[in-house]
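These are the residues of each chain, in order.
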Amino acid sequence: IAGITQAPTSQILAAGRRMTLRCTQDMRHNAMYWYRQDLGLGLRLIHYSNTAGTTGKGEVPDGYSVSRANTDDFPLTLASAVPSQTSVYFCASSLTGDTEAFFGQGTRLTVV
Amino acid sequence: KQEVTQIPAALSVPEGENLVLNCSFTDSAIYNLQWFRQDPGKGLTSLLLIQSSQREQTSGRLNASLDKSSGRSTLYIAASQPGDSATYLCAVMDAGGTSYGKLTFGQGTILTVHP
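Residue numbers (the numbering used here), protein chains in the order written: chain H, 1 to 112; chain V, 1 to 115.
Derived by calculation from the structure, the hints in this document are not laboratory data. Don't take every hint at face value.
[As the list claims (entries may be wrong)] One side only, chain H facing chain V, incomplete, derived with CB under 8 Å:
1. Ala31
2. Gly42
3. Leu45
4. Asn50
5. Gly58
6. Ser80
7. Asp98
8. Ala101
9. Gly104
Small disclaimer: the values here were computed from a predicted structure and weren't measured. Every residue, glycine too, gets a C-beta built ideally from N, C-alpha and C.
Let the sequences and hints guide you as you build the complete structure.
Structure representation (structure tokens):
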């Protein structure tokens with residue numbers, strides 16, 4: 001089934017550790033995004049990529065990095081996790097920047 | 001900065017009712033507006049996308065309207081069913097080069113349809 005796959009589904013991480021959240025899409029979408037969802041704050045954009053080889057910062061990029069080596073994959077890395085990064089992380093993609101966005105099932109991350 | 005507000009925050013209705021969810025946004029310069037559904041512990045499912053040049057979109061029992069000049073959108077659900085129970089999220093994409101592709105979300109409306 002075509003769509004977006006995120007891994008892991010959930011993770012408990014010790015503060016200070018490095019972690020990479022994986023996101024793969026098989027729809028050949030050009031644009032990909034990472035959002036975090038927090039109670040009371042809603043969904044906020046972390047980083048985005050409008051095409052392979054380019055990335056940009058969203059609303060809350062600090063403490064996160066991304067890469068876009070190819071069309072299908074858009075990993076999100078936490079270099080040194082902190083408790084405030086406890087959240088549910090969603091990867092999304094769209095054919096182009098102004099078309100319908102599709103979301104993955106999310107990664108629930110707890111930093112302790 | 002774009003701000004998106006959804007009213008009401010929660011809604012509980014009996015099965016069979018027609019209902020309206022509201023979304024307002026502060027900056028009318030948008031590319032499009034998208035409505036999503038989110039079930040507890042799950043990802044977001046796209047329901048409808050309305051381009052800025054459109055006034056409404058329909059999919060089955062769902063109808064979304066857009067009044068860009070007043071900064072409002074409504075999602076109309078006809079003949080509601082218990083399976084419609086979920087959180088409904090509205091998101092806008094601002095026009096302008098640096099905003100391309102970025103969605104600003106509302107806080108959502110939690111809908112409960114009881115039998």
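Hint-by-hint comparison with the structure:
1. Ala31: OK, holds: Ala31/H within 8 Å of chain V, min 5 Å.
2. Gly42: holds (5 Å)
3. Leu45: Check passed: Cβ of Leu45/H comes within 5 Å of chain V, closer than 8 Å.
4. Asn50: Asn50/H check passes; min Cβ-Cβ to chain V is 6 Å, inside 8 Å.
5. Gly58: Since chain V brings a Cβ to about 6 Å from Gly58/H, closer than 8 Å, the hint holds.
6. Ser80: violated (26 Å)
7. Asp98: holds (5 Å)
8. Ala101: The hint holds - Ala101/H has a Cβ within 8 Å of chain V, the shortest such distance being about 6 Å.
9. Gly104: Where the cut-off is 8 Å and the nearest Cβ of chain V is about 6 Å from Gly104/H, the hint holds.
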